[in-house]
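Enquirer: Got chain A sorted already, so can you dock chain B onto it with the hints?
Each chain, written out:
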Amino acid sequence: MKKTCYLLIAIAVAVMVFASSASVLAASSLVVAQDTPPRMMNPHGDDSDAGLQYMANFFDGLLQRKGPDGTLAPALAERWERLDQLSWKFYLRKGVKFHNGNPFTAADVKFSFERLSNPDVSEFINTGKSITGVETLDDFTVVIKTKEPIPWFANNMHQVFIMDKESTESRDSGEVMVKPIGTGAYKLVEWVKGSYVRMEANADYWEGAPPLKTVEIRPVTESSTRFAALVSGQVDIVTGVPVELFDKIVKNPKLDVVSRPARRSIFLALNNKPGSPTADIRVRKAMYMAINEDEIIAKVMRGHAAPAAQIPDPPTIGYNGNIQRLKYDPAEAKKLLKEAGYEKGFEITLSGPNDRYVQDAQIAEAVAKYLAKVGIKTTLDVKPKSVFFPEVTGGKLDFYLIGWFDGTFDMGRTYFKLAHTRDDETGHGFFNGANFSDPDIDKLLKSTADIVNPQERGKVLQQLNKMAMVDKIAWIPLHYQEDLYAIQKGKGIKFQPRPDRWMVYKEISK
Amino acid sequence: MATYIARRLIQGIVVLLVASLLCFIVFRFMGDPVITLAGRYATAHEVEEVRRSLGLDKPMHVQYVRFLANAARGNFGISYVTRVPALGLILERFPATFELASTAVILSFIVGVALGVLVALKPYAMRNRLIMAGSLGGISIPTFLMGILLIMVFAVYLGILPPFGRGETTQVGFWRTGFLNLNGISHLILPALTLAMYQLAVLLRLTRAGMREVLTEEYIKTAWAKGLSPRKVIFKHALRNALIPVITITGLQFGELIAFSIITETIFQWPGMGNLLLTSIRENDQPVIVTYIMLAAVVIITMNIIVDILYAVINPKIRYA
Chain A
1 MKKTCYLLIA IAVAVMVFAS SASVLAASSL VVAQDTPPRM MNPHGDDSDA GLQYMANFFD
61 GLLQRKGPDG TLAPALAERW ERLDQLSWKF YLRKGVKFHN GNPFTAADVK FSFERLSNPD
121 VSEFINTGKS ITGVETLDDF TVVIKTKEPI PWFANNMHQV FIMDKESTES RDSGEVMVKP
181 IGTGAYKLVE WVKGSYVRME ANADYWEGAP PLKTVEIRPV TESSTRFAAL VSGQVDIVTG
241 VPVELFDKIV KNPKLDVVSR PARRSIFLAL NNKPGSPTAD IRVRKAMYMA INEDEIIAKV
301 MRGHAAPAAQ IPDPPTIGYN GNIQRLKYDP AEAKKLLKEA GYEKGFEITL SGPNDRYVQD
361 AQIAEAVAKY LAKVGIKTTL DVKPKSVFFP EVTGGKLDFY LIGWFDGTFD MGRTYFKLAH
421 TRDDETGHGF FNGANFSDPD IDKLLKSTAD IVNPQERGKV LQQLNKMAMV DKIAWIPLHY
481 QEDLYAIQKG KGIKFQPRPD RWMVYKEISK
Chain B
1001 MATYIARRLI QGIVVLLVAS LLCFIVFRFM GDPVITLAGR YATAHEVEEV RRSLGLDKPM
1061 HVQYVRFLAN AARGNFGISY VTRVPALGLI LERFPATFEL ASTAVILSFI VGVALGVLVA
1121 LKPYAMRNRL IMAGSLGGIS IPTFLMGILL IMVFAVYLGI LPPFGRGETT QVGFWRTGFL
1181 NLNGISHLIL PALTLAMYQL AVLLRLTRAG MREVLTEEYI KTAWAKGLSP RKVIFKHALR
1241 NALIPVITIT GLQFGELIAF SIITETIFQW PGMGNLLLTS IRENDQPVIV TYIMLAAVVI
1301 ITMNIIVDIL YAVINPKIRY A
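Residue numbers (my numbering), protein chains in the order written: chain A, 1 to 510; chain B, 1001 to 1321.
I should point out that these hints are in silico values taken from the structure, not numbers from a laboratory.
The beta carbon of each residue, even a glycine, is placed where N, CA and C say it ideally should be.
Treat the hints with care, as some may be off.
Heads up, simulated SDA-like pairs for lysine to any residue below, C-alpha to C-alpha not over 20 Å straight-line [claimed, not checked]:
1) A:K187 - A:K248
2) A:K254 - B:F1144
3) A:K251 - B:L1158
Per the computed footprint, the stretches of chain B lying under chain A, defined by three or more beta-carbons under 8 Å from a beta-carbon of chain A, are [claimed, not checked]:
4) 1159 to 1166
5) 1209 to 1216
Just chain A, same shape as in the assembly (with noise of 0.2 Å):
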C-alpha cells in the first residue's frame, strides 16, 4: 500500500515537474487563439485567407506580401518581369531546401501550376486553367503563359504556394492533406483535428531562422470561449475580437487591443434592369442618402468600422481618394424618390448572409429601416452564406448585402467579376448577383486588360472606380471592416497586424 502510495507521489512529481519545464520552454515559444480551424494542409485545396495564412507558415509563394502593409516582395522567386502581354519570366531563388532535404528547383513550380487545375486537390482552378503552360528554362528559371493578357497575375504570387513534387507524388494522397512539405519558416509538428497546430522553426530557413521556436496554434470557433482562453492566460494571441466584447478587453488591465483597418469593405449591390425602380439613377441615389452609414457604424458595429466611398481600399490599385461618399440625407431621397415618379415608394427585398460578415444580419436589418422612412419598402431576407452565396453566382438577387476584398491588390480582378455583365463563356460579372450591366463600365473595364504598368493601371481603373461610384452608383458603399486582435500585455509580444489577416509567425516576436 505505501509503495503505490510514493509511486503515485513520484508521478504526480515529475508530471508537476514536467509541466513547469513545459512553460520554461515558453519563452520563445507563442500561443495562439485562431478563430478559425485550418480545413487542410493542402496548400492548393483552401482559397480561403482563413486557410492560406496557415500555408503561408510552411510553404512559400514565388513571391510574398510582407506585413504590415502587404508590399509584395520576392520569395522563391527573386525577381520577375512580364516578357511581353502573356508571358511571365520568374528567376528563382538558389540553394533553397524543403522541409525533408530535397532542393528547390524549377521542376517544384512547373509540377505545382500544373497541380492547380486538378479539381480534387485544388481551388485554385481559374488560376490553374488560366496558364497554358510552364516553361522550364533551367533549373533555376521559369516561364508562365497565360492564356489571356493578366495583368495582375504577379500580384497573385503570394498565394500559390510550391510543393516539393518528389515528395508530393510518391506520398499518399490522404498523407499529403495533412503533412505539409514546403520550404516555409516554420515545419509542422504536430496537428492534432480541432485541438491544435503545433508547428517549430525551419533553422534552414532561407530568410534566416524565424525569432520564435514553436508557435501553437489553437482553433477556437465560439468567440466568448476564446475571450476566456484569453483572460485565463492559455492564450497570447487571439484573432477575430468580436465587436462586442472589445469593452471588456480594453478594461482588463493585463491585456491589449490591436485593431486595423481591414480590407473588406462591405456594400449593397442592387439591379439595373429596365423598368424596374432601381434602374434609375435618382432612385439608386435615393437610397444610397436614406441610409445613415454613421449610425450603423456607432451602433451596429460599435465603432469598430470606417465609412467607405468606393469598394476597394486605400493600398489597392484603382483605389479613389477623390470620391466622397454621399450625404445623409432623408429629405433629399424622398425629393429623388418622388421626382422619379417613385413618390408612395416601391417594395423590394433585400438579401444577404447571416455569417458571413461582422453583424452582417444587423446592417442589413438596419438598412431596411432606413429604406422604409424614405418609403421603400424592404423585405429582409437573410440566410446562411450557404445558401445565399449561390444566389448571388446564379444571379437571382435585385438587392443584396455582400463584402469583398481581392488578395492581388489590384481592382481589375475584382471588377470583372462584381461589375462586368454577366457572361458564362468567360465567367465575367460571376459574383454580379443582381445582373447590374453597364456598357460604359464594360468597355473601360476591357481596356485595362493589357495594362500592365501599375501606375498606368491605376489612372485607369481611378476613372473606372469613379464612373461605377459617382455617375453609375453601381453600388451603395457602406463601410471598410476593423480587424481586432488581443494579446497579452508585459510579455513582450511584438505583432503588427496584415492588411490580408494572415498571421505569419516569422513577422511576430517576443
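Expert: Frame of chain A, contents of chain B only:
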C-alpha cells in the same frame, strides 16, 4: 433472445435508411457546396467541372442510391472540406467524445444514485431538501448556460481550471487519450461537469422515487424484521430493485451524450464529434453530416439493445421471446 436481437437489428437498418434519406432531402435546401469548392474566382464552367468531379451533377435519387451502395461497403465518401474520407474524420474525433461522455455518465451515475439513496432514506431532513432543490436547478439550467457559468467562475475569475480544449493528450495505438496526464484530466473537469449536471439531477430524482416506493414494500419490512444489516437491506434488497429504470435512462442517455454532446463540445471547444458536426454544418460538408447522422443512429440503436439485454441480467424475471 436471438430472434429478439435479430428483430431489433432489422428495425435498426430501417431507421438508418430513413435517417439517411432525410439527410439527402434536407441537403437540397442547404445550398450549393460546389461554389466554395471551385474557389472564389472560378467561372461557371469551372464550377460545373468541379460538380461533375464530385458526382453532384447527377439527379438526387441517383446520388442517394450510389451513396447507399458505397455505404454498404463502408465507404461514406470524401469530405468536401478536408478531402479525406468522412468516416475516418469522424472516428478520429470519437475518443475525445467517448472520454467526455463516459466521464460524465460515470460521474452522474455514482453521484446521482448515491444522493438519491441518501435523500430517499430521510426525505424530510433539511440537507436532503436542499439537495432536491439543487437537483431542480440541474434539470432546469440549460447546458450552454451551465457551461458558460462554469467557465466564468473556474477559468476566468478563479483561474484554476482551463476553459477550453483537451489539453495534453497521448496517442495509444489508434486511441488518443487525455486520461494519462494531469493536464488532460484538468481539461476534462469542466466539460464533464457541464454534461453530467442534467443527467445527475435526473438520476437522483429517479433513484429517490424508486427507493421510496421500494422501501415501503412488504419484503423490505421482512428484511428489517429479520434483523439484516442496514447495508444489506438498502443496497441488496432495495436498491437493486429500484435501479432498473435508472439503468435504462443511463444507458439511453449515454448513447445520446456520445451522439449529441454538441453544445458542450462547442462551448468548451472540445475536439470531439459534436464539434465536428457543427463545423461541418456551417461549411455545408454534406458527406460528413450524413455519415455522422448514420453513426449517431448506430450508437443509439446499439445502446438500446444493450440496455434491453442488461434488463434481463439485473432482473432475471424479464424474458424476451
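Enquirer: Indicate, hint by hint, whether the structure satisfies it.
Expert: Okay, the hints, checked on the actual structure:
1. A:K187 - A:K248: 36 Å, violated
2. A:K254 - B:F1144: 27 Å, violated
3. A:K251 - B:L1158: Holds - the C-alpha atoms of L1158 (chain B) and K251 (chain A) are around 18 Å apart, at most 20 Å.
4. 1159 to 1166: With 6 residues close enough to chain A, the hint holds.
5. 1209 to 1216: As far as the segment 1209 to 1216 of chain B goes, the hint is violated, because 0 residues have Cβ atoms under 8 Å from chain A.
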